[in-house]
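Heads up: the protein sequence lines correspond to chains A and B, in order.
Each residue of the first sequence is one higher than the last, beginning at 856 in our numbering.
Each residue of the second sequence is one higher than the last, beginning at 194 in our numbering.
Source of the hints: derived by calculation from the structure; they are not laboratory data.
Note that CB positions come from ideal geometry on N, CA and C, so glycine has one too.
Do not take every clue at face value.
Take a look, some chain B residues computed to stay more than 12 angstroms from chain A by CB distance [what the hints assert, rightly or not]: (1) A213; (2) A214; (3) E225; (4) A233; (5) S241; (6) H248; (7) D256; (8) A259; (9) G271.
Restraint-style ranges between C-beta atoms, simulated for each label pair [said to hold, decoys possible]: (10) D215/B with S951/A: 47 to 57 angstroms; (11) D215/B with R913/A: 21 to 31 angstroms; (12) P882/A with R236/B: 28 to 38 angstroms; (13) R923/A with A221/B: 33 to 43 angstroms; (14) L945/A with Q228/B: 49 to 59 angstroms; (15) Q228/B with R950/A: 37 to 47 angstroms; (16) A214/B with E898/A: 45 to 55 angstroms; (17) A213/B with F995/A: 31 to 41 angstroms; (18) G863/A with D211/B: 18 to 28 angstroms; (19) D215/B with F884/A: 36 to 46 angstroms; (20) D919/A with P212/B: 29 to 39 angstroms; (21) D215/B with E888/A: 20 to 30 angstroms.
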Amino acid sequence: MQAADRWGLERPWLINWQWVPKRSAGPGFGPQEYARARARGAEVARATLGEENWETLRRQGYLDVRSRLLPGLTYRLRVGRRIQLLWDTLDDAMRSPWPYDYLCVNPVYPLPAIEFTAHLYLYLRDREEEVIRVAAPQPFDQLLGRVF
Amino acid sequence: MGRIIVANRHGDQVIEWDPAADTEEGRAAIAEAEQIIAEARARGCAISKKVDGKHVLDHGPFDPQAEEYQIIAPIAGG
Chain A
856 MQAADRWGLE
866 RPWLINWQWV
876 PKRSAGPGFG
886 PQEYARARAR
896 GAEVARATLG
906 EENWETLRRQ
916 GYLDVRSRLL
926 PGLTYRLRVG
936 RRIQLLWDTL
946 DDAMRSPWPY
956 DYLCVNPVYP
966 LPAIEFTAHL
976 YLYLRDREEE
986 VIRVAAPQPF
996 DQLLGRVF
Chain B
194 MGRIIVANRH
204 GDQVIEWDPA
214 ADTEEGRAAI
224 AEAEQIIAEA
234 RARGCAISKK
244 VDGKHVLDHG
254 PFDPQAEEYQ
264 IIAPIAGG
């Protein structure tokens, strides 16, 4: 594709990333590249989330997103970690479609963790059904494997 | 200028076009931008569009007048 070539654009959706180790960006990345990617990722996340959400995330260390589909549920987003499920009441929790309180959701290609947090925010706010469809429930918290 | 932010392991890469450019090169840039969006969608990516200063996931056709698009990675469990 001419534009991709002209801009030196990497189109990650065309690449198989299965062989890349967890929490790695793949070959050709040294400390400088990681630092630059994280800095740029933070700029994009800030623009994606908007100033209010960005400041909330910086201040609190998490962002809460209220579910539109599951009564009494709030998703807690933390940078680079599994989604935490917070239920208003025990009755609400008893109706959970998942047996555990953490959801493992990763991007299919490597991204800076802060940037993926903004992506997850958009998915949860605008396309929650997709998160519900793919999420892998887990009994404990952990770092995500496809972000760095 | 319109632009697409491609979120990838570099943090982002940006491609831009001028919606007002009435030249062959300008029209080609718009066509290429549209093609990148279509290709990403076909591979499962979501597309976010900046509307009234706010990013929202978008299902609509490519709009060369849009201020900003962002290509959002597909998600998977586990």
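Taking the hints in turn, this is what the structure says about them:
1. A213: Check passes; 18 angstroms lies beyond 12 angstroms.
2. A214: Non-interface label stands for A214/B: nearest chain A Cβ at 14 angstroms, farther than 12 angstroms.
3. E225: Violated: least Cβ distance 3 angstroms, not greater than 12 angstroms.
4. A233: violated (6 angstroms)
5. S241: The assertion about S241/B is violated, with a minimum of 6 angstroms to chain A.
6. H248: violated (5 angstroms)
7. D256: Holds: least Cβ distance 17 angstroms, greater than 12 angstroms.
8. A259: holds (14 angstroms)
9. G271: violated (4 angstroms)
10. D215/B with S951/A: 47 to 57 angstroms: For D215/B and S951/A the Cβ distance comes to about 56 angstroms; the hint holds.
11. D215/B with R913/A: 21 to 31 angstroms: Violated - the Cβ-Cβ distance for D215/B and R913/A, about 43 angstroms, lies outside 21 to 31 angstroms.
12. P882/A with R236/B: 28 to 38 angstroms: violated (22 angstroms)
13. R923/A with A221/B: 33 to 43 angstroms: holds (41 angstroms)
14. L945/A with Q228/B: 49 to 59 angstroms: This hint holds: roughly 51 angstroms between Cβ atoms.
15. Q228/B with R950/A: 37 to 47 angstroms: Between Q228/B and R950/A, where Cβ atoms are some 44 angstroms apart, the hint holds.
16. A214/B with E898/A: 45 to 55 angstroms: Hint violated: Cβ distance 26 angstroms, outside 45 to 55 angstroms.
17. A213/B with F995/A: 31 to 41 angstroms: violated (54 angstroms)
18. G863/A with D211/B: 18 to 28 angstroms: holds (20 angstroms)
19. D215/B with F884/A: 36 to 46 angstroms: Holds, at about 41 angstroms.
20. D919/A with P212/B: 29 to 39 angstroms: Check passed, 37 angstroms falls within 29 to 39 angstroms.
21. D215/B with E888/A: 20 to 30 angstroms: Given a distance of about 39 angstroms, which is not inside 20 to 30 angstroms, the answer is violated.
Of the numbered hints stated above, those contradicted by the structure are hints 3, 4, 5, 6, 9, 11, 12, 16, 17, 21, listed in ascending order.
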